[in-house]
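The numbering of the sequence shown is the numbering used here, which starts it at 1 and goes up by one.
Hints are computed from structural coordinates only; laboratory data are not their basis.
Every residue gets a Cβ at the ideal spot worked out from N, C-alpha and C, and that includes glycine.
Certain hints may be false.
[Claimed, not checked] Just the calculated beta-carbon pair ranges, DEER-fashion: (1) 40 x 9: 35 to 43 Å; (2) 85 x 9: 48 to 56 Å; (3) 56 x 9: 25 to 33 Å.
[Claimed, not checked] Straight-line alpha carbon distances no greater than 16 Å define the calculated EDC-like cross-link-like pairs of lysine to aspartate or glutamate that follow: (4) 70 x 38; (5) 70 x 41; (6) 43 x 95.
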Amino acid sequence: LPNALNLPDPFTTFKHLCLKRTAQTKDQRILQALMNEELNDDKPSQFLRRLQRLLGGASDDIVESLFFRKLPLPIRTALVPFRDWPLIERAELADQIAAV
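Build out the structure end to end from the sequences listed, making use of the hints.
Listed below in structure tokens is the structure:
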């Protein structure tokens, strides 16, 4: 009987096992961001937030580099004069440029 009291809750055990098997590792998220993520129909600022979420603790320089590589060339070119602006502000400006 003492062993029965120390057994973990079967639901909790099952939940942890499912989460462990389905959760992406940090490396998988980074690889997905590098290989598969595209702007598609999202606004650039939405795309930036998605990259930031996927890349988690990656440096801001990596996020910025990947973000600009995935933007269309005309938008990247238009943002060159604003290089000193914070990234989120440039992404919001890119939203306005893309809407034109």
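Quick rundown of the hints versus the structure:
no. : hint               : verdict
1   : 40 x 9: 35 to 43 Å : holds, 42 Å
2   : 85 x 9: 48 to 56 Å : holds, 51 Å
3   : 56 x 9: 25 to 33 Å : holds, 29 Å
4   : 70 x 38            : holds, 6 Å
5   : 70 x 41            : holds, 13 Å
6   : 43 x 95            : holds, 6 Å
In summary, this structure violates none of the numbered hints.
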